[in-house]
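Student: Read off the chains here:
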Amino acid sequence: GDSVTQMEGPVTLSEEAFLTINCTYTATGYPSLFWYVQYPGEGLQLLLKATKADDKGSNKGFEATYRKETTSFHLEKGSVQVSDSAVYFCALLRMDSSYKLIFGSGTRLLVRP
Amino acid sequence: NAGVMQNPRHLVRRRGQEARLRCSPMKGHSHVYWYRQLPEEGLKFMVYLQKENIIDESGMPKERFSAEFPKEGPSILRIQQVVRGDSAAYFCASSPPQGTAPTGELFFGEGSRLTVL
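Here the protein sequences line up with chains A and B, keeping their order.
Residue 1 is where the first sequence starts when you use the numbering used here, and the numbers rise one by one after that.
Residue 1 is where the second sequence starts when you use the numbering used here, and the numbers rise one by one after that.
Be a bit skeptical, because a hint or two may be false.
Stated by the list, open to error - Within a straight-line C-alpha distance of at most 35 Å, the following computed DSBU-like cross-link-like pairs (lysine-lysine) qualify:
id	chain 1	residue 1	chain 2	residue 2
1	A	K60	B	K44
2	B	K44	A	K52
3	B	K27	B	K71
4	A	K77	B	K71
Unchecked claim - Below, a sample of chain A positions facing chain B; criterion: calculated Cβ distance under 7 Å:
id	residue
5	Y39
6	E76
7	G78
8	Q81
9	G106
Calculated directly from the structure, the hints in this document are not laboratory data.
Every value quoted in this text rests on a predicted model; they were computed, and no experiment measured them.
We treat Cβ as the ideally placed atom computed from N, Cα and C, and that holds for glycine.
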């Protein structure tokens, strides 16, 4: 079945470092891909999305490109801040009648001053 | 605009008791999803509901778990005869009417954290 695999965390970086969080997927058809972020004690928020191959989603300095050939959607940011510390979830949207998101296991990011 | 409201935020139950979790979707949203998050794990889909209808309950355990989204009032996730393995965070999310294609953007509540003693 459809699935999402993320790199295991935690990822610990110093402020202003470059961030990459890897995400690969397995899906039939052509799913839409998403990154959600969960700050401590809160629910998930949509960070960015891409709906077709070669699309680049971007928001708040984060970017991810939908790579069909490698079935990947890696999250990147050029210069992280302490406030980016959170758990990041990669997800895909099944295009069948249920319209349900399938999430990866999440990657915890800790940014130190 | 109020977001997705879940209550209670924290719930403690003893084994064998019942747990009821409530979710009020965002105004104008008619689709509700329930997800479960076990410690250090991702979110697992449980059920997808529209008003008065269960659309997809493929992620819901066959026994002890039920969900509803009545015409009036919040969506309810009910867990009967809770066991320790039910301890988790339960997140509700809502989305507006899908139209011709889903957008995938779900609006999440802050979650209800169930602890079973």
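Student: Taking the hints in turn, state whether each one holds.
Tutor: Against the structure, the hints:
1. A:K60 <-> B:K44: holds (27 Å)
2. B:K44 <-> A:K52: Holds, at roughly 24 Å.
3. B:K27 <-> B:K71: Holds. K27 of chain B to K71 of chain B sits at ~14 Å (cutoff 35 Å).
4. A:K77 <-> B:K71: It is violated: about 44 Å lies between the C-alpha atoms, which goes past 35 Å.
5. Y39: Check failed: Cβ of Y39 of chain A comes no nearer than 10 Å to chain B, outside 7 Å.
6. E76: violated (20 Å)
7. G78: At 25 Å from the nearest chain B Cβ, G78 of chain A fails the 7 Å test, so the hint is violated.
8. Q81: violated (23 Å)
9. G106: G106 of chain A check passes; min Cβ-Cβ to chain B is 5 Å, inside 7 Å.
In summary, the structure is inconsistent with hints 4, 5, 6, 7 and 8 from the numbered list given earlier, while agreeing with the others.
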